[in-house]
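Enquirer: Per the UniProt record's numbering, the very first residue in the sequence shown carries number 1; after that it's consecutive.
It is possible that part of the hints are untrue.
Stated by the list, open to error - Simulated restraints on C-beta separations:
#1 19 x 218: 47 to 53 Å
#2 285 x 76: 26 to 32 Å
#3 236 x 76: 44 to 50 Å
#4 82 x 247: 45 to 51 Å
#5 216 x 113: 23 to 29 Å
#6 217 x 269: 52 to 58 Å
#7 260 x 82: 24 to 30 Å
#8 3 x 116: 45 to 51 Å
#9 218 x 177: 24 to 30 Å
#10 115 x 87: 36 to 42 Å
To be verified - Keeping only pairs whose Cα atoms sit at most 20 Å apart, straight-line, the calculated EDC-like set for lysine to aspartate or glutamate is:
#11 258 x 271
#12 304 x 270
#13 216 x 248
#14 258 x 121
#15 27 x 50
#16 216 x 275
#17 136 x 50
#18 304 x 121
#19 304 x 157
#20 216 x 200
#21 304 x 236
#22 27 x 110
#23 136 x 110
#24 258 x 270
#25 136 x 294
#26 136 x 236
#27 216 x 197
Source of the hints: derived by calculation from the structure; they are not laboratory data.
Just so you know, these numbers come straight off a predicted model, no measurement behind them.
Cβ atoms here follow ideal geometry from the backbone N, Cα and C, with glycine treated the same way.
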Amino acid sequence: MLQLGILVDSAHKQQALTQLITQSGHKVSGHLLLSAREAANQQLLEQPLDAWVVDVAEDYCDEQHLLEQLFAQSRVPIILSDSSEFAPGSEDHSAWLRRTGLRLQRLRGDINLQQANPASELWVLAASTGGPAAVKRFLAQLPANLGIAFLYVQHIDANQAATLNRMMSNAGSYPAMVATQGIVLEANSLTLVTARDPVEILENGTLVVNYGQSWKGSYAPSIDQIAANAARIYRERCGLIIFTGMGDDGAASCRLIKQVGGKAWAQSPDDCTSDSMPVSALATGCVSLNGTPEYLARSLAQLKR
């Protein structure tokens, strides 16, 4: 949760932005109204915050020096806009609310990027029934420091996320973390995607978690949704491994991965607890390599040498 400050020139804007910030999962740590007493404003300017949200009319002149001081002294991001021209309740105002809400949703990732660098290559590990054991075998054979970001998409009850996280963290050289708002897909990281909330990969290599929404299609989490997103962002620098599981989630993604120049691999059906997912993937003709989790790990390591 980020601590945000609001700088506005009207009480109406203050109310609208407070609601948006709360809906985005952040906290308003202070309101700065330009018409308030300067002493109070000056004190708020000095508070430690993660970012400022500024919505002031372009022709606003009163207390202009406070704006200038904020822009000159702030060491944190500033989201700047002017909603004055939009009548509350109008279609244009609603569109502005949606745009601002999206910017707030992505703010955590923008801040995290100041301290971390996204990986240039992403591999999606996809599994369902029997998946945790198979992926654990894969990770146990994987050398450290391959420079890859791994995104593990597992069909599993959301309440089991903590258990799965502990299991994967102890599997090998890539400590696991559950996907959260704004996390950076860094090299040598393993991020778990659960069924609780849909996850989106942004162009800058960060994740957006769409809290309160539902995954598209029949599966949660959706391997095809994540892999298609990964293919669009990483293209030939993207890989997909289909492990054991029921159903056909991930099969369509194999075609997309191949089309953009990436690699689609699969666990051997005769090594699976449930072979439906690998069989469906192999049926596309787009899987270039299949074998045991150990064999796939060694092949990936050799590919990165």
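Enquirer: Now tell me, hint by hint, if it's right for this structure.
Expert: A quick look at each hint next to the structure:
1. 19 x 218: 47 to 53 Å: 34 Å, violated
2. 285 x 76: 26 to 32 Å: 51 Å, violated
3. 236 x 76: 44 to 50 Å: 36 Å, violated
4. 82 x 247: 45 to 51 Å: 49 Å, holds
5. 216 x 113: 23 to 29 Å: For residue 113 against residue 216, whose Cβ atoms are near 27 Å apart, the range 23 to 29 Å holds.
6. 217 x 269: 52 to 58 Å: 23 Å, violated
7. 260 x 82: 24 to 30 Å: Violated, since residue 260 and residue 82 (Cβ atoms, about 39 Å apart) do not stay within the stated range.
8. 3 x 116: 45 to 51 Å: Distance hint for residue 3, residue 116 is violated at roughly 20 Å.
9. 218 x 177: 24 to 30 Å: Cβ of residue 218 to Cβ of residue 177: about 27 Å, so the range 24 to 30 Å holds.
10. 115 x 87: 36 to 42 Å: 40 Å Cβ-Cβ, so the 36 to 42 Å window holds.
11. 258 x 271: 24 Å, violated
12. 304 x 270: 27 Å, violated
13. 216 x 248: With a Cα-Cα distance of about 15 Å, the restraint between residue 216 and residue 248 holds, given a limit of 20 Å.
14. 258 x 121: It holds: about 15 Å lies between the C-alpha atoms, which stays within 20 Å.
15. 27 x 50: Holds. Residue 27 to residue 50 sits at ~10 Å (cutoff 20 Å).
16. 216 x 275: 23 Å, violated
17. 136 x 50: 37 Å, violated
18. 304 x 121: 11 Å, holds
19. 304 x 157: 33 Å, violated
20. 216 x 200: 12 Å, holds
21. 304 x 236: At roughly 14 Å apart (the allowed maximum being 20 Å), residue 236 and residue 304 satisfy the hint.
22. 27 x 110: 17 Å, holds
23. 136 x 110: 32 Å, violated
24. 258 x 270: 24 Å, violated
25. 136 x 294: 10 Å, holds
26. 136 x 236: 26 Å, violated
27. 216 x 197: Holds, because 11 Å separates the two Cα atoms, which is no more than 20 Å.
In terms of the numbered hints stated before, the structure departs from hints 1, 2, 3, 6, 7, 8, 11, 12, 16, 17, 19, 23, 24 and 26, listed from lowest to highest.
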